[in-house]
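A.B. asks: In case you want the letters, here they are:
Number of protein chains: 2
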Amino acid sequence: MNQKKIIKQSFQVNFDFNLIFTSKLFETDNNILVDLLSSNSTSKTKAIVVVDTGVIDSHPQLKEDIDNYFKQYNDSITLEGSVLEIPGGEQSKNDETFIQSILENINTFGIDRHSYVIAIGGGAVLDAVGFAAAIAHRGVRLIRIPTTVLSQNDSGIGVKNGINYFGKKNFAGSFAVPFAVINDDSFLSTLHERDWRSGISEAIKVALIKDYSFFEWIESKVSDLNNRDKDAMNELIYRCADLHMKHIQNSGDAFEQGSSRPLDFGHWAAHKLEQLSNFEVRHGEAVAIGIALDSTYSYLKGYLSKPELVRVLDCIIGLGFNISYHQMNEQIIKGLEEFREHLGGKLTIMLLKSLGTGFEVHEMDKNIVLESINYISSYHSKKIAI
Amino acid sequence: MNQKKIIKQSFQVNFDFNLIFTSKLFETDNNILVDLLSSNSTSKTKAIVVVDTGVIDSHPQLKEDIDNYFKQYNDSITLEGSVLEIPGGEQSKNDETFIQSILENINTFGIDRHSYVIAIGGGAVLDAVGFAAAIAHRGVRLIRIPTTVLSQNDSGIGVKNGINYFGKKNFAGSFAVPFAVINDDSFLSTLHERDWRSGISEAIKVALIKDYSFFEWIESKVSDLNNRDKDAMNELIYRCADLHMKHIQNSGDAFEQGSSRPLDFGHWAAHKLEQLSNFEVRHGEAVAIGIALDSTYSYLKGYLSKPELVRVLDCIIGLGFNISYHQMNEQIIKGLEEFREHLGGKLTIMLLKSLGTGFEVHEMDKNIVLESINYISSYHSKKIAI
Ligand SMILES: NC(=O)c1ccc[n+]([C@@H]2O[C@H](COP(=O)([O-])OP(=O)(O)OC[C@H]3O[C@@H](n4cnc5c(N)ncnc54)[C@H](O)[C@@H]3O)[C@@H](O)[C@H]2O)c1
Ligand SMILES: NC(=O)c1ccc[n+]([C@@H]2O[C@H](COP(=O)([O-])OP(=O)(O)OC[C@H]3O[C@@H](n4cnc5c(N)ncnc54)[C@H](O)[C@@H]3O)[C@@H](O)[C@H]2O)c1
Ligand SMILES: [Zn+2]
Ligand SMILES: [Zn+2]
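If you're matching them up, the sequences are chains A and B in order. Under this note's numbering, think of the first position of the first sequence as 1045, with each following residue one higher. Under this note's numbering, think of the first position of the second sequence as 1045, with each following residue one higher.
Please note: incorrect hints may appear among the correct ones.
Chain copies aren't distinguished; within one or between two, either way the pair holds.
[As the list claims (entries may be wrong)] No more than 30 angstroms apart at the CA atoms, straight line, and that leaves these computed lysine-lysine pairs for DSS-like:
#1 Lys1204 x Lys1048
#2 Lys1088 x Lys1204
#3 Lys1068 x Lys1088
#4 Lys1290 x Lys1204
#5 Lys1254 x Lys1290
#6 Lys1204 x Lys1107
Read the hints as simulated data drawn from the structure, not as lab findings.
Just chain A, with the same shape it has in the complex (with noise of 0.2 angstroms):
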């Protein structure tokens, strides 16, 4: 009976996309989007498109510049329907209702696997709109175009989407390559502040486990993006997601099978205070915090020097980061436990070694954790009484 045949399956797939920077994608002297649309056809090909409305309260030109531009590009190109509008953050991946209006438009006006969706947005309806567009048909082409600085910069340019189920943050997803990205940097001008600042933390978090001299330059335009300078911001999210995108690239995990998430530093913390403070605290601005935790931890065991985590510190709070939240309590070491569970298998923490490089341990002393919570807790009320 133990005497069994066995057949080894064993293959693999290409996934490929071009992320494309721009500037007002929908001037219809822009010719980025229908180029992208026509290039894998011969005949005409459909669209239909699916926008966050808080981009549309502050772009409300928006629908009407996207419809002109496809009654200019007619001859190679369709809107099907009219534009749909899903609300911003995280309401759109909470209701299911969303999802399910996005699978109806794409069944009504016949998107197949070879038509696309064209998604515009923060992370939140970026993830909504590319999970709706993951399943429909098992994967219809999705093109992304990101309106927050976070899903510039890192949501928007991954290969996986999230929706939130049983009240869990995207407990329900799929590992999905896009058709393409377009980073258009127009839509940034409106961001409320907080969400101009919270992706940046996104670009700290990558600079200081892989690219000291990121690190640097980011130290050095902390004013400049304080004063929402375009051109630092749009080099920062070009360095970030170039550095995200190659390690998706080199990691040999790109649909993280293992245990291991080297881009999550910083994260663990981030997403226990997150739900602690029932998202009141945003992703990035929560990454930050678990970025200032993860340094302070790599100092007190040692691994970091005392120069080094000042530096860390000071960059977080110079670019107007709250890094002391009454959450922040020894509630979040259970953060730990969830982390470890939602990939599943050997617990995998990153720290860092030097500014720009990190290592991974496997287990982290729990006291060591809570001097780190107190430790930046006085360090930013002292900085602030400075």
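We have chain A already, so just place chain B with the ligands on it with the hints.
C.D. replies: Relative to the frame of chain A, chain B with the ligands by itself:
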């Protein structure tokens, strides 16, 4: 403005799994499952089990066997909760509440990406469970235990899943590679006659497009298969599964990003017939007639010789398949466009140039399709009259 920066992303993902053949998987001295579940882990692994009610009805001792099995190996593996039953056949794919209840069990029992969902049943139940497992935590480990001929030699060993939505078959789904598949031949003895026969058509299909000697072998085993000879069926399943898996391995397009799907010989008409008959005609039965149709078309177009066509039709009829249905009329033609739409892009249809060798065309002559329908229907009547 069109002077644009681009970052190119490109990466590979490796997938592998084993298809294991066994008998009486849940006898306590069969250690295949326990070895598999504990192979990747140093600590105790958790699993939930979902079973097709049609299987439970025919194997009433199965639930107890499963319980005893997990008790016996309690040191290394845990069965979480009790076995979840979901109805066999399309019901499981039509009604979202089943997906919901699988997701609930995954959530309640803390099944993570390194824990297991074990699905036991026909192709429909495997599809429904597979979909839920694929979206939970962006994919938890799925072990498929197919219990029908079709699922053991075709659907259960593939890399996708699907559920019905908007009344459309497989409207939603995903590409998702199982952790392992176990074919246990002891399930096959209880299949209804139609389900025993149905999956044989997939073997004929793959033999005709890829492996002449396998087709000859099937011809020689018609009466054994009709007499439900176990050894003949085991060999048929093994060879068919092997050809399917090698195809996926070597196609270079396991996730169907292109417009061609060579394993879907005979399927454009089959899908339409299933739908026109309100799924009264089973998938494998519809495939048998789809093969008859496209083989006849190949003959009428001059690709296949008459003696070759006769062998195909006689083999199919000899196995007891019906190749004439009143739904086989000009309505079927619509299946061509729907087939093209499902994959998108260019219509791509497999035909035969000889027994064992398929080739692709990009259009079909509608009049000759209609002629083929008439041809097989009168061929069938004559055969029956003899
Ligand atoms: N899939 C992934 O890999 C991944 C990775 C990280 C984060 N995420 C997800 O991303 C989400 C967070 O994304 P986010 O930080 O982009 O925030 P968000 O999507 O929650 O958007 C924040 C707010 O900004 C508004 N907004 C968006 N663009 C705007 C613009 N140009 N002008 C004015 N307002 C605008 C939105 O309407 C919303 O109210 C979370 O749901 C998180 O889980 C996903
Ligand atoms: N995912 C894929 O790649 C793929 C490919 C082809 C087909 N499919 C799907 O597979 C499904 C058809 O699968 P199927 O042919 O296995 O039929 P099925 O799953 O519909 O099952 C047929 C019947 O047999 C019963 N049954 C199952 N095992 C039994 C056993 N051992 N003894 C007695 N009864 C048993 C079931 O309860 C059901 O009533 C369709 O939904 C089709 O879309 C999927
Ligand atoms: Zn993040
Ligand atoms: Zn089939």
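A.B. asks: Please write out, lowest number first, the hints stated earlier that are contradicted by the structure.
C.D. replies: The structure breaks none of the hints.
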